[in-house]
Amino acid sequence: MGGLLKSSIARKVAMALSAFFLMFFLLQHFAINLTSIFPNNGATFNELSHFMGTNPLVQYALQPVLIFGVVFHFVMGFILEIKNKNARAVKYAKNNGGANSTWMSRNMIYSGLFILIFIVIHFIDFWFPEINTKFIKGDWTGMHNGELRYFHELQHKFTAAWRVALYCVGFVFLGLHLLHGFNSAFQSVGANNKYTNGLKTFGKIYAIAIPAGFVIIALFHFFNQSH
Amino acid sequence: MNLTLKIWRQKSSADKGQMIEYKVSEISEHMSFLEMMDVLNEQLIAEGDEPVAFDHDCREGICGMCSMYINGEAHGPDRGVTTCQLHMRMFKDGDTITIEPFRAKAFPVIKDLVVDRTAFDRIQHAGGYISVNTSGNTQDANAIPIAKEAADEAMDAATCIGCGACVATCKNASAMLFVGAKVSQYALLPQGQVEAADRVMAMVNQMDLEGFGNCTNTGACEIECPKGISLENIARMNREYLKASLKG
Amino acid sequence: MAILDSKVPQGVPLKDKWTTYKDKIDLVNPANKRLIDVIVVGTGLAGGSAAATLAELGYNVKAFAYQDSPRRAHSIAAQGGINAAKNYQGDGDSAYRLFYDTVKGGDYRSREANVYRLAEVSANIIDQCVAQGVPFARDYGGLLDNRSFGGVLVSRTFYAKGQTGQQLLLGAYSAMNRQIARGKIEMFNRHEMLDVVIVDGKARGIIARNLVTGEIERHSAHAVVIGSGGYGNVYFLSTNAMGSNATAAWKIHKKGAYFANPCYTQIHPTCIPRSGDYQSKLTLMSESLRNDGRIWVPKNMDDVMAIREGRKKPTELTEDERDYYLERRYPAFGNLVPRDVASRAAKERCDAGYGVNATGEAVYLDFKSAIQRYGKEQAKLQGIDNPSAAKIIELGEAIVEAKYGNLFQMYEKIVDENPYKTPMMIYPATHYTMGGIWVDYNLMTTIPGCYAIGEANFSDHGANRLGASALMQGLADGYFVLPYTIGNYLSNDIRTGKISTETKEFDAAEKAVTERLDFFINNKGNHSVDYYHKKLGKIMWEKCGMSRNEAGLKDAMKEIKALREDFWKNVTVPGASNEMNPELEKAGRVADFLELGELFAKDALERNESCGGHFREESVELDGLQKGEAKRNDKDYAYVAAWEYKGEPAEAVLHKEELEFKDIELKQRSYK
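Residue numbers (the working numbering), protein chains in the order written: chain A, 1 to 227; chain B, 228 to 475; chain C, 476 to 1147.
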């Protein structure tokens, strides 16, 4: 990351750019997941998943970028947190942070940490098996028992109540993270103008609606097990 | 009213320092916070103790010298005021008030509540000026018209008093609001635009060297700033910095 | 009595004096400037601008400020604006008119040639500041805006909201920063000058205390410039900053610089009144408020008492029950009489017992009429027929807020009353000192190589300063006058070489400073420094305040002397001298005020005339239209009183610089 990211502002901007990418990815992920609750028993979802799972551009270009984006965002987040903690060696005996800023803005590291835990589980649940199937076993058919396997795999994961609960909590933290992060990213790249107020409202809607949507999808599958 | 004060006492930069409790009585609600501190100090002197050292000068909210962290907020609970303009009517009889110095690695404590804010000066040395000689033989003041809006915005940025409340308040001890305000003032004026790119690079570089934290856009600085300097100035600095970096 | 040589260029018309003088002045070539050091004490508008310009010219500058940064100097608190004869409004302004207004406003007690030069260079200040990025107010066409100020007939005041001083100081500070970055200014923050060092009759350095470590330091230079501001804090309560002090000026006075006209003090009429004995300072409300506010006290004593005891509100008094005393006494100028007149009139009413707050020292400044007037005007403009009373007030308050919003808010924060709904309370407070170190046309004091600039010198304002002129003078001295005139002196120093600090003169000065500090620490008396400062302030305010008389001044001299003697016996200073010690700093400053105050009273006693801010009760008009008003005596007192230190303030020797007015006719100021 070297020289390019030596200055505080460059680091901020890099955080924002990776955030933009992740927020866009999240939107895309959400759109595909949403099709899993379409009343066609997962047909659309299976098609889209198979496309994403086998398209070379997605697999060999976008996927590595995404991985990099996720890792970068986390690593840089931790680096910044450590640096920022060091910028105040002696803490205040009494600090009334709530008087001037939101809980979300002050605790990005904690919401972020929880999201990290969530992502690790998520990877164990979905991504590692995918990689295993495709890259280790070399099975690119996407077929299982004669039909596309994605929808069933999805449903299967949402049978255990503990996992569904964990996912829901993960999304609550994601929402909190986004409530500050969405607009913070725009501020970091220097966007603060007449559109800012509108953007703030949009950011709030995004930060609540997307995680809420993921939660609904998870609950939907939990309550609508087809077997 | 009667009050309990918990005040940070630190003999010198080498000393470790600790919170010490004091009692003051018969405090009038019309007193300013610093006048209440004067009462405490007179009391300490009469008792043969050392008075509490604190920075203050104009006592009308413009010099930027006073700098106390009161009950967990820079310049205390009121808005749009410096410590010297904070009045005791903001408190109640029997209250306990915690008073600490502005804290940041870049603002080391000199004594008690006095901190060293020369880091701000060094950032200004790096580029907080327009390189024009003071010969008086510049062009006429009206030679370059400046849109009223730009002039007013530059003025809003320029009202920064350099007190450091933004740094003290920021959970990251970031100086972005201070630097952003200065960068903005000049970036908004044609006279300042000539050196804008070099200026923002130099000032941000110095800011980083001083050990201030990174901005995470919590917005606390804007709320606690006694002069209401807007976060827009940080965004503008980010833009200016990006522009300057891309230019190379 | 030695004759003071003002060194004003002779044989040239007033208008050409400065130009001709500059043409003939000795210059130092750029290579030689690098061999010359200059010390500048104080970094306000005058000191800051001088330090920047001298460094730019090539001199090695050492600048000293007691604050933690040059940006904190008290010039920063100036609100209203800065005058300059730009004539951008095309209303007939010119250098001559600015000169004329300033001399007249100063009640004909300033030096003509200096004032003309000030007016002449004023326009350059604005050019310079705009080039530096000072965000002056502009109109919609993008050009600079002006406001009118303090009873002059043209609009020549440039401003940056209500923070003109701040913006100009930050401009000078930025110019300094550029030179600090280049290494041409060495900045000594949190340092206080405690003495000047004279070698072979010339100022060659200073002794300074590092206020963080307590260390005593020697600094040498080829010239010493004092730009340390005024001595208003001799009154304890003033609009000055808490740290503003006369120590640098007083130290050079004790080493040979004459102190001129100490009795000329400006008491500003519109300040927020004192609320109790704990009060530490007074806050100014801009003079501009008098454009729309009407000043009054109740007519009847019953109402005064009722208001003080909270039984009645000022808003309940009818028009008939109010005494608009300025409008009554000065029908021609009304509430817009000059500062000194307005202040004295407020004092007169309060002395008569009509003060409206608990301390009895406050009068009302009422915006009700203005709110009504603006409200009706707005209703008409917006086409509202038969507006309700509430609507008129709403519209009127909006206009008042647009004009004075920040001041109203400041008032509300301090007093906790809403000035839109109830009249403001105001009272005069010490604001500016026109007197100061005597300087010649080169701004050099009577010590060769020692200069005084800005409020620290006795300067250009005579006996009364006009609004928006202090900023002008500070920057004129620092940017455009001193950097030229100092060359005339320094051109003789190009072969001198570095001044050593290891000489007997430095030894002696440092020893004296150290002994004095040690005395304070070891005295262990029973009264704090503030105890004495407050007592001194009370004497000054009561006997050398807005009006003065012989008996009072004689008492004041005696009382101050007695207080000073008590101070040296019984003062206590906690802590040590080898650490940061704010009480020790204050002790030194108050010790100097205790001497200065006595000289002040002596000067006021000696000047048995009323002029400008100095009102002698013995010198009033006895009859006619002007009955009871100030009476100037040009025949006997048209001179600068420059005092030479002789050990005790009471023994100071008077030197007169006779003032000649060749280009201006001396007139009485009438506001009836």
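Quick caveat, the hints were computed from the structure, so don't treat them as lab data.
Check before you lean on any hint, since a few could be wrong.
[To be verified] Listed below are the simulated DSSO-like cross-link pairs for lysine-lysine, each with C-alpha atoms no more than 27 Å apart in a straight line: (1) 94(A) / 243(B); (2) 677(C) / 636(C); (3) 94(A) / 233(B); (4) 6(A) / 238(B); (5) 238(B) / 999(C); (6) 375(B) / 194(A); (7) 774(C) / 94(A); (8) 250(B) / 1061(C); (9) 250(B) / 6(A); (10) 1131(C) / 1106(C); (11) 94(A) / 332(B); (12) 85(A) / 243(B); (13) 250(B) / 83(A); (14) 6(A) / 470(B); (15) 888(C) / 855(C); (16) 375(B) / 83(A); (17) 332(B) / 250(B); (18) 250(B) / 788(C); (19) 85(A) / 233(B); (20) 677(C) / 194(A); (21) 83(A) / 470(B); (22) 1142(C) / 1106(C); (23) 319(B) / 888(C); (24) 470(B) / 94(A); (25) 91(A) / 238(B); (26) 137(A) / 157(A); (27) 774(C) / 636(C); (28) 843(C) / 233(B); (29) 1036(C) / 250(B); (30) 91(A) / 332(B); (31) 233(B) / 788(C); (32) 200(A) / 398(B); (33) 878(C) / 375(B); (34) 788(C) / 896(C); (35) 973(C) / 375(B); (36) 94(A) / 6(A); (37) 1061(C) / 774(C); (38) 238(B) / 200(A).
Of the numbered hints stated earlier in the document, which are not met by this structure? When the structure is compared with the hints, numbers 2, 4, 7, 9, 13, 15, 16, 17, 18, 20, 24, 27, 28, 29, 31, 35, 36, 37, 38 turn out to be violated.
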